[in-house]
Amino acid sequence: MSRRRHSDENDGGQPHKRRKTSDANETEDHLESLICKVGEKSACSLESNLEGLAGVLEADLPNYKSKILRLLCTVARLLPEKLTIYTTLVGLLNARNYNFGGEFVEAMIRQLKESLKSNNYNEAVYLVRRDWYVYAFLSSLPWVGKELYEKKDAEMDRIFASTENYLKRRQKTHVPMLQVWTAEKPHPQEEYLDCLWAQIQKLKKDRWQERHILRPYLAFDSILCEALQHNLPPFTPPPHTEDSVYPMPRVIFRMFDYTDDPEGPVMPGSHSVERFVIEENLHCIIKSHWKERKTCAAQLVSYPGKNKIPLNYHIVEVIFAELFQLPAPPHIDVMYTTLLIELCKLQPGSLPQVLAQATEMLYMRLDTMNTTCVDRFINWFSHHLSNFQFRWSWEDWSDCLTQDPESPKPKFVREVLEKCMRLSYHQRILDFVPPTFSALCPANPTCIYKYGDESSNSLPGHSVALCLAVAFKSKATNDEIFSILKDVPNPNQDDDDDEGFSFNPLKIEVFVQTLLHLAAKSFSHSFSALAKFHEVFKTLAESDEGKLHVLRVMFEVWRNHPQMIAVLVDKMIRTQIVDCAAVANWIFSSELSRDFTRLFVWEILHSTIRKMNKHVLKIQKELEEAKEKLARQHKRRSDDDDRSSDRKDGALEEQIERLQEKVESAQSEQKNLFLVIFQRFIMILTEHLVRCETDGTSVLTPWYKNCIERLQQIFLQHHQIIQQYMVTLENLLFTAELDPHILAVFQQFCALQA
Amino acid sequence: MGRLEGRMSSQIFDHQQSGGQAALAAASPGRICAFPVPPLLGLPRYTVEWRCPLPPLCTMSGGLLKALRSDSYVELSQYRDQHFRGDNEEQEKLLKKSCTLYVGNLSFYTTEEQIYELFSKSGDIKKIIMGLDKMKKTACGFCFVEYYSRADAENAMRYINGTRLDDRIIRTDWDAGFKEGRQYGRGRSGGQVRDEYRQDYDAGRGGYGKLAQNQ
Numbered sequence: 001m002s003r004r005r006h007s008d009e010n011d012g013g014q015p016h017k018r019r020k021t022s023d024a025n026e027t028e029d030h031l032e033s034l035i036c037k038v039g040e041k042s043a044c045s046l047e048s049n050l051e052g053l054a055g056v057l058e059a060d061l062p063n064y065k066s067k068i069l070r071l072l073c074t075v076a077r078l079l080p081e082k083l084t085i086y087t088t089l090v091g092l093l094n095a096r097n098y099n100f101g102g103e104f105v106e107a108m109i110r111q112l113k114e115s116l117k118s119n120n121y122n123e124a125v126y127l128v129r130r131d132w133y134v135y136a137f138l139s140s141l142p143w144v145g146k147e148l149y150e151k152k153d154a155e156m157d158r159i160f161a162s163t164e165n166y167l168k169r170r171q172k173t174h175v176p177m178l179q180v181w182t183a184e185k186p187h188p189q190e191e192y193l194d195c196l197w198a199q200i201q202k203l204k205k206d207r208w209q210e211r212h213i214l215r216p217y218l219a220f221d222s223i224l225c226e227a228l229q230h231n232l233p234p235f236t237p238p239p240h241t242e243d244s245v246y247p248m249p250r251v252i253f254r255m256f257d258y259t260d261d262p263e264g265p266v267m268p269g270s271h272s273v274e275r276f277v278i279e280e281n282l283h284c285i286i287k288s289h290w291k292e293r294k295t296c297a298a299q300l301v302s303y304p305g306k307n308k309i310p311l312n313y314h315i316v317e318v319i320f321a322e323l324f325q326l327p328a329p330p331h332i333d334v335m336y337t338t339l340l341i342e343l344c345k346l347q348p349g350s351l352p353q354v355l356a357q358a359t360e361m362l363y364m365r366l367d368t369m370n371t372t373c374v375d376r377f378i379n380w381f382s383h384h385l386s387n388f389q390f391r392w393s394w395e396d397w398s399d400c401l402t403q404d405p406e407s408p409k410p411k412f413v414r415e416v417l418e419k420c421m422r423l424s425y426h427q428r429i430l431d432f433v434p435p436t437f438s439a440l441c442p443a444n445p446t447c448i449y450k451y452g453d454e455s456s457n458s459l460p461g462h463s464v465a466l467c468l469a470v471a472f473k474s475k476a477t478n479d480e481i482f483s484i485l486k487d488v489p490n491p492n493q494d495d496d497d498d499e500g501f502s503f504n505p506l507k508i509e510v511f512v513q514t515l516l517h518l519a520a521k522s523f524s525h526s527f528s529a530l531a532k533f534h535e536v537f538k539t540l541a542e543s544d545e546g547k548l549h550v551l552r553v554m555f556e557v558w559r560n561h562p563q564m565i566a567v568l569v570d571k572m573i574r575t576q577i578v579d580c581a582a583v584a585n586w587i588f589s590s591e592l593s594r595d596f597t598r599l600f601v602w603e604i605l606h607s608t609i610r611k612m613n614k615h616v617l618k619i620q621k622e623l624e625e626a627k628e629k630l631a632r633q634h635k636r637r638s639d640d641d642d643r644s645s646d647r648k649d650g651a652l653e654e655q656i657e658r659l660q661e662k663v664e665s666a667q668s669e670q671k672n673l674f675l676v677i678f679q680r681f682i683m684i685l686t687e688h689l690v691r692c693e694t695d696g697t698s699v700l701t702p703w704y705k706n707c708i709e710r711l712q713q714i715f716l717q718h719h720q721i722i723q724q725y726m727v728t729l730e731n732l733l734f735t736a737e738l739d740p741h742i743l744a745v746f747q748q749f750c751a752l753q754a
Numbered sequence: 001m002g003r004l005e006g007r008m009s010s011q012i013f014d015h016q017q018s019g020g021q022a023a024l025a026a027a028s029p030g031r032i033c034a035f036p037v038p039p040l041l042g043l044p045r046y047t048v049e050w051r052c053p054l055p056p057l058c059t060m061s062g063g064l065l066k067a068l069r070s071d072s073y074v075e076l077s078q079y080r081d082q083h084f085r086g087d088n089e090e091q092e093k094l095l096k097k098s099c100t101l102y103v104g105n106l107s108f109y110t111t112e113e114q115i116y117e118l119f120s121k122s123g124d125i126k127k128i129i130m131g132l133d134k135m136k137k138t139a140c141g142f143c144f145v146e147y148y149s150r151a152d153a154e155n156a157m158r159y160i161n162g163t164r165l166d167d168r169i170i171r172t173d174w175d176a177g178f179k180e181g182r183q184y185g186r187g188r189s190g191g192q193v194r195d196e197y198r199q200d201y202d203a204g205r206g207g208y209g210k211l212a213q214n215q
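Residue numbers (the UniProt record's numbering), protein chains in the order written: chain R, 1 to 754; chain W, 1 to 215.
Among the hints, a few may not be true.
[As the list claims (entries may be wrong)] Covered stretches of chain R (in silico footprint by chain W; criterion: 3 or more residues with CB under 8 Å from a CB of chain W, positions within the stretch not fixed): (1) 62-70; (2) 519-531.
[Unchecked claim] Have a look at the derived ranges for each label pair, beta carbon to beta carbon: (3) W/Asp-71 <-> R/Glu-40: 20 to 30 Å; (4) W/Tyr-148 <-> R/Ser-463: 37 to 47 Å; (5) W/Gly-207 <-> R/Ser-590: 50 to 60 Å; (6) W/Ile-169 <-> R/Arg-574: 30 to 40 Å; (7) W/Gly-86 <-> R/Arg-574: 28 to 38 Å.
Please keep in mind that the hints were generated in silico from the structure rather than gathered at the bench. Where a beta carbon is used, it is the ideal one built from N, C-alpha and C, also for glycine.
Just chain R, with the same shape it has in the complex (with noise of 0.2 Å):
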């Protein structure tokens, strides 16, 4: 490494001093891509890197130690992948300068109290603290399980036989909660402790021989014994706190086996501790370099030792396993998306035929795969294809044609070619999807309006619709609507109120119609009317029953077409028209039980269920924030002792208050919410398994499987919030006198809180 000199100008002033910093400046810099760059394609083999760079190292230690402290630290934190290269490079150093070494170590275990004080367990939420303890302990055998055993056996076995014990007694109600499919054939789904519980097994069995892991330090066996070591200072972890979070528990992922590449190199057995290490890598990098796609596209596909591994196999595996683990993603589902389209891009020779095979093989299983991870499927395919012209080989999949339409294989062709359609047009797809497969299109997505033709003369409050038709085109006010539709009669009752707007169904269904319909042509014309007749809405959705009703003559109008449904119900929730309890009645209405299946409707659900979670949150912040303004208002008046602020006090503390009273809705507002729908779900479920039985029938019907699904969702996607009503949940709606069925999953889900 060349060091530029130091001038010998000497001003004395300023410019001399900028020009060492700048100088000190670039030896970090270039000390710091030392460190990042070893390990990577080099003409020179890594341990004769790793040996010059501890010589460099070590002379640059009197003047940037501690720069180079952190560094280590750093690598070793953020690049796990490439652990055993610094542990060897520190132990190189250690042998040259004992000290440093004391130090190094000091400068971890810090870094470790501090890691794991601020909760960052790997930067992920665990629910189980004692789970995530035995998970550090087996996770890192795989390192050091050799030498542990070497050194340590007796404390080694006694460790396992209390890590084994645990294992035993540990409850697993929750497993199925969280598995991607329903099956155990091919590949079981299993929980992660006791799949890397059977790898370490099988290591310990095979004397810990791990052949993957790059141990560069093996090279250098006769200096590093030669060093003195260090001991470790004891550690003790900091106890759990009201704070504490720890990462959930979750199930391993497996698609793929050694026969699915029989031409390439041997794909390693799903308890073989090589296929630990090397998924634990490639979601390291994932994790490193989520944000930039072409970064961790490129990183993936330069993975060491890439020729032994069918790679492409393992990168489509861990990409999918992130895509489908539950309750969530680590990553926004889109970053996958265009992850793998960037795969595509690097390899179009290889990746796109892996990916294929995987998206032939997740169709196949389709009957037994978690409803919330077909959603995702559907959502990835159909956007994955609108990226390569929607080609694909779609009469490879003409068994769905003759299932039934409700089963899982045809409903999925159905939903993506939907999502397809949405993000091209309608007759594009006609255009690519072959003749057979005509049944599972889409519709057309046009308006439906039901006063537009001569036959619907005879429908009442016909007139009214043709009034309105022409006042609406003429720019008419709000007030003109009103008086419009204060001719309109009431089917409900005899005679009228005073005011007329108590609910009147038919006044709902002349003006709801004849304006969407007029503003049909586009969102932002729908959007454009639903705000300038705002008060028309307003007035006639003023009760429950009237909120129900736009939504359903909005259904009527649009049932075509359900983006238009979506964009519409997000619209009136966030202007008010209707409220969120009135968007869950609907879905659970029988008006929409011929649709109930259709993710379109489960989208509208969660999207709806999340406005209101985001509305509580905003609340709450505008108080906290009200809150410490008056903080702040109160120590500045002790430290100036102004005592017109007092004013200023009462007018904050009013609004404190008024804050804390919208709290105090909202949140309440929230909880019934979600009672009102785990309740409709209970009447629902339990209608089906009553007529079951009546019937004689089997329960486990495509229709039951979506529908306890879909509650298991709200569980799994809400967790946090639900938490809090779990005694309510209990008590009122999950008692045991509930059908076991759906007693069950309640059961699940609290296991997976313990």
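Fit chain W to the given chain R structure using the hints.
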């Protein structure tokens, strides 16, 4: 699914000549430029839409650690709106906290519904404003997408930018915020500047460029 017809709005003062020249110069660097090239600040979006992404990690200098913190897809591009009322500093400040994206290289036939579907993948959309030909008031191949949160807009920059919509690679860029009038193309013929001088045939964008058409 029809295309949005525009609404009448007041004219704004039109400075777009210099933009066009830069497009010509940048689009075909080997060509002899008939007009003087304006400064960088006036560079229209077209010329920077084909910006290359950062090279793969292993060839980067400055170390892996800097790269690990990198979020290059979210960074500001070179483009600044030359009609912006305010100085560059003010514009940058707005760009850095904006929730609005400019979306370019759309087909003239791409609908608001399609844009909603694609861009909803990174979060809830607050509003979409279709870009219009100033004379014809028809879609002219760009739009603005506004999110409720900055984080959602950032994810769009990371994962939707540079992917396809209607078989075309679309480009997203930060926008300082929609103002009335900005929904119109700034090309002399009413569409976008990039379509004024384009020499190639693009079926999704009215065929040949306006200049070529009029020759």
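Tested hints:
| no. | hint | verdict |
| --- | --- | --- |
| 1 | 62-70 | violated (count 0) |
| 2 | 519-531 | holds (count 5) |
| 3 | W/Asp-71 <-> R/Glu-40: 20 to 30 Å | holds (22 Å) |
| 4 | W/Tyr-148 <-> R/Ser-463: 37 to 47 Å | holds (42 Å) |
| 5 | W/Gly-207 <-> R/Ser-590: 50 to 60 Å | holds (52 Å) |
| 6 | W/Ile-169 <-> R/Arg-574: 30 to 40 Å | holds (32 Å) |
| 7 | W/Gly-86 <-> R/Arg-574: 28 to 38 Å | holds (31 Å) |
The structure fails hint 1 only (numbered hints given earlier).
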